[in-house]
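Engineer: Using this note's numbering, you'd call the opening residue of the sequence shown number 1 and step up by one each time.
Derived by calculation from the structure, the hints in this document are not laboratory data. Glycine included, each C-beta is placed from N, C-alpha and C at the ideal position. Check each hint, because a few of them may be wrong.
Calculated lysine-lysine pairs in the DSSO-like style (CA-CA distance at most 30 Å, straight line) [as the list claims (entries may be wrong)]: (1) Lys35 x Lys45; (2) Lys71 x Lys45; (3) Lys71 x Lys37; (4) Lys71 x Lys48.
Now the in silico label distances, taken between C-beta atoms and shown as ranges [what the hints assert, rightly or not]: (5) Ala73 x Pro22: 30 to 38 Å; (6) Ile75 x Pro22: 28 to 36 Å; (7) Phe44 x Gly9: 27 to 35 Å.
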Amino acid sequence: MAVSGKVSGEDWSVSVEVVRVPDGFVPAIHVIHNKPKGKFEHHFKHHKVSRTEREAVLEGLREGMGWIGQKMANIFSI
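Produce the entire structure from the sequences given, and follow the hints as far as they go.
Structural biologist: If you want it as structure tokens, here you go:
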């Protein structure tokens with residue numbers, strides 16, 4: 001069974017699924033930010049390999065929340 005996690009707010013969400021790699025586990029992260037001008041979506045895998053699925057999901061949620069925080073603060077636009 002794969003471990004996953006999701007955190008969401010009124011107009012954003014971060015979801016993570018764990019992928020097994022030779023040395024452990026890597027989080028596959030999906031962030032969504034809905035704005036009046038349109039929907040921002042980004043899929044990416046975290047660079048860090050974790051020893052456990054639990055560590056990977058938490059690391060992925062932390063990284064995804066960082067992306068959402070920066071996107072909502074208009075630090076970057078894509």
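Engineer: Taking the hints in turn, state whether each one holds.
Structural biologist: A quick look at each hint next to the structure:
{"no.": "1", "hint": "Lys35 x Lys45", "result": "holds (24 Å)"}
{"no.": "2", "hint": "Lys71 x Lys45", "result": "holds (18 Å)"}
{"no.": "3", "hint": "Lys71 x Lys37", "result": "holds (14 Å)"}
{"no.": "4", "hint": "Lys71 x Lys48", "result": "holds (22 Å)"}
{"no.": "5", "hint": "Ala73 x Pro22: 30 to 38 Å", "result": "holds (37 Å)"}
{"no.": "6", "hint": "Ile75 x Pro22: 28 to 36 Å", "result": "holds (34 Å)"}
{"no.": "7", "hint": "Phe44 x Gly9: 27 to 35 Å", "result": "violated (20 Å)"}
Comparing the model with each earlier hint shows a violation of hint 7 alone; every other hint is respected.
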